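**Student:** These are the residues of each chain, in order.
2 protein chains.
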Amino acid sequence: MTQLRNDTFLRALMRQPTEYTPLWLMRQAGRYLPEYCATRKRAGSFLQLCKSPTMACEVTLQPLERYDLDAAILFSDILTVPDAMGLGLYFAEGEGPKFERPLKDAADIAKLAVPDPHGELQYVMDAVSEIRRALDGRVPLIGFSGSPWTLSCYMVEGGSSSDYRKVKSLMYSQPEQMHRILEVTAQSVIAYLNAQIEAGAQAVMVFDSWGGVLSHNAYREFSLRYLQQIAAGLIRERDGRQVPCIVFTKGGGLWLDDIANAGYDAVGLDWTMDIGTARALVGDRVALQGNLDPAVLFGTPEAVAEEARRVLDSFGNHPGHVFNLGHGISQFTPPENVSVLVDTVHAHSRTIRGGA
Amino acid sequence: MTQLRNDTFLRALMRQPTEYTPLWLMRQAGRYLPEYCATRKRAGSFLQLCKSPTMACEVTLQPLERYDLDAAILFSDILTVPDAMGLGLYFAEGEGPKFERPLKDAADIAKLAVPDPHGELQYVMDAVSEIRRALDGRVPLIGFSGSPWTLSCYMVEGGSSSDYRKVKSLMYSQPEQMHRILEVTAQSVIAYLNAQIEAGAQAVMVFDSWGGVLSHNAYREFSLRYLQQIAAGLIRERDGRQVPCIVFTKGGGLWLDDIANAGYDAVGLDWTMDIGTARALVGDRVALQGNLDPAVLFGTPEAVAEEARRVLDSFGNHPGHVFNLGHGISQFTPPENVSVLVDTVHAHSRTIRGGA
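Going down the list, the protein sequences come from chains A and B. Here my numbering is used: position 247 in the first sequence is 290, and no number is missing along the way. Here my numbering is used: position 68 in the second sequence is 111, and no number is missing along the way.
Where hints are given, some of them may not hold.
Identical chains blur together in the list; that is why a pair holds if it fits in one copy or across any two.
[What the hints assert, rightly or not] Using 30 Å as the maximum straight-line C-alpha spacing, the simulated BS3-like pairs for lysine-lysine come out as follows:
| no. | residue 1 | residue 2 |
| --- | --- | --- |
| 1 | Lys141 | Lys209 |
| 2 | Lys293 | Lys141 |
| 3 | Lys154 | Lys94 |
| 4 | Lys154 | Lys209 |
| 5 | Lys84 | Lys94 |
| 6 | Lys84 | Lys209 |
| 7 | Lys293 | Lys209 |
| 8 | Lys147 | Lys94 |
| 9 | Lys141 | Lys94 |
| 10 | Lys293 | Lys94 |
| 11 | Lys209 | Lys147 |
| 12 | Lys84 | Lys141 |
These are computed hints drawn from the structure, not numbers from a lab. Small disclaimer: the values here were computed from a predicted structure and weren't measured.
Modelling step: build the complete structure from the supplied sequences, incorporating the hints.
**Tutor:** In structure tokens, the structure reads:
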């Protein structure tokens with residue numbers, strides 16, 4: 044493999060000193076970029092774009108051409124795993140992801156099995172290998188998966204939900220059925236992420252996008268427990284280098300202390316928690332990734348720079364920070380504000396280090 | 044005025060000892076009750092139901108006929124205030140509330156003025172008086188309003204939003220315009236709640252339903268600051284009795300310490316925070332109201348009872364707890380599960396007090 048020329052992101056995740064704070068943006072290859080929209084149009088649909096390793100590679104690299112980002116992230120969808128389990132993923136125009144065959148009863152749940160990452164999911168591994176070759180050592184490549192709880196929400200609801208009525212009904216009326224779904228899904232995520240690491244992913248992230256809708260107790264029983272299983276099952280070293288893993292529960296700020304003990308190297312934070320407070324709480328257990336409100340990018344360039352500096356100042360001059368948004372970048376983001384953000388984070392974090 | 048026969052709710056809000064933990068449920072007069080649906084059908088629309096004092100009184104009392112609840116809450120909508128400001132509230136079928144004339148520019152914002160509670164909003168005061176007479180001292184009546192931030196979200200977005208793009212764009216590009224909206228709205232809320240108290244409301248609650256979408260810093264500047272203004276402007280005693288006030292920021296658990304200092308008697312909690320941890324944090328500053336996940340009511344009766352006991356046990360044998368859900372009750376709730384909840388809360392809290 045080619046030598047990695049910018050390993051700032053990987054070092055920050057392992058809480059090693061870096062010259063500046065590395066950054067990448069969740070959903071950085073996305074609809075706010077005209078070049079992404081052009082490739083997506085050519086692909087025909089979002090799902091065809093995900094399933095073509097060549098086009099997935101193309102869009103993964105697009106934001107790196109525009110901005111001085113410190114990591115690339117595999118272009119894919121969190122729902123590839125349940126799709127490979129046979130649930131039939133599709134995207135209804137303007138409605139988000141849906142499943143043709145959601146889990147409706149105990150028979151559906153009994154049939155669930157761990158998909159072979161080199162079977163139905165081989166297209167993901169091919170994309171990882173192709174992107175890794177195309178990056179040619181420029182920045183590290185992040186692989187990812189949805190969390191068991193988040194995937195299960197979609198698998199039971201059949202799509203997005205405003206109240207999680209079906210999945211919470213199952214959870215509070217047949218918890219053993221809920222655990223069976225989560226168990227199979229957790230094993231699937233472990234196999235899927237390890238296959239991505241073997242194909243070339245240099246860090247992995249688990250997106251627990253819907254963990255925050257659970258109660259304090261239910262989060263521990265139905266989400267965190269399976270996140271811990273995953274951390275314990277992941278490949279942690281490859282080609283003589285550590286493969287850091289990141290967990291992100293959106294809306295999980297109140298549970299940060301327990302999340303920091305779940306076995307990951309880094310924890311993602313949304314924008315509701317002050318990152319300096321979070322750093323003090325986690326101490327030297329984990330690195331932190333975050334945590335600008337993506338809506339700041341709708342503001343003036345001055346507001347973007349000011350809010351970015353505020354996050355960096357709050358974290359302070361310590362190792363272990365990867366700058367990011369607290370959620371995926373919006374399709375309505377002006378691309379020029381992203382330039383302001385990237386430049387501010389790099390410049391201001393160098394100043395903080397110099398001033399210490 | 045008739046003597047109040049059950050003041051358990053008011054005493055708990057003031058952190059005085061009670062024989063059991065009082066409870067009421069957010070949106071307790073709602074679509075899960077067939078008798079509510081019948082009245083709403085007769086009214087023609089949700090808004091006509093809100094604007095008819097007689098029918099608003101009728102539905103306010105319905106849940107008290109079925110369940111042994113310890114408080115009644117005015118049947119109304121949080122958006123009556125901006126409606127009275129001239130924005131034109133309407134409800135599109137299946138889409139939630141909308142405004143015909145949302146705030147689009149500086150000229151719209153400059154025109155905003157505090158509405159007279161005895162002008163366009165007299166129908167609310169009439170409903171309060173009529174409900175108070177009909178209750179005849181049975182339980183206390185709660186008045187309420189939306190928070191300045193939450194009302195402003197609807198006023199700028201023109202309806203519900205998934206990303207709050209318009210209002211956050213305004214906030215991060217023209218903060219002075221945002222503050223002007225919030226300032227007028229805060230003054231309006233004070234006048235509106237004080238008029239409800241004068242008309243007979245025995246406690247008031249401010250619903251900051253969308254405060255949780257803000258960043259740590261923005262919450263303090265654009266929501267909490269105006270919640271503090273309101274607390275400072277409210278009538279706190281009427282007819283020789285304290286009028287307790289409650290504030291509820293959904294998703295505000297991380298900010299509980301600051302919210303507890305905002306000047307309210309009680310703080311509402313959603314289900315993401317353990318209520319025992321919350322109690323330890325707020326100490327003797329405020330009472331707490333909450334915090335069962337409304338989705339628990341989709342579970343078995345056994346699960347409902349177990350989860351309710353868990354909340355009560357976590358709070359422990361201390362004064363200052365009003366049991367509630369962490370969000371409005373769902374229209375899909377089986378009414379018989381609400382009986383289980385009410386009975387469990389009353390019985391188990393008596394056991395806790397007895398056992399101490």
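**Student:** Please go over all the hints and tell whether each is borne out by the structure.
**Tutor:** Hint-by-hint comparison with the structure:
1. Lys141 to Lys209: both (14 Å within a copy, 28 Å between copies)
2. Lys293 to Lys141: Classified as both; 21 Å inside a copy, 28 Å across copies.
3. Lys154 to Lys94: within (25 Å within a copy, 53 Å between copies)
4. Lys154 to Lys209: within (19 Å within a copy, 45 Å between copies)
5. Lys84 to Lys94: within (14 Å within a copy, 49 Å between copies)
6. Lys84 to Lys209: Classified as between: cross-chain Cα gap 27 Å, same-chain 34 Å, threshold 30 Å.
7. Lys293 to Lys209: both (20 Å within a copy, 22 Å between copies)
8. Lys147 to Lys94: For Lys147 and Lys94, only the intra-copy Cα distance (27 Å) is at most 30 Å; the inter-copy one is 42 Å.
9. Lys141 to Lys94: within (17 Å within a copy, 39 Å between copies)
10. Lys293 to Lys94: within (27 Å within a copy, 39 Å between copies)
11. Lys209 to Lys147: Within. Shortest intra-copy distance 9 Å satisfies the 30 Å Cα cut-off; inter-copy 38 Å does not.
12. Lys84 to Lys141: Classified as within: same-chain Cα gap 20 Å, cross-chain 33 Å, threshold 30 Å.
Checked against the numbered hints given earlier, the structure satisfies every one of them.
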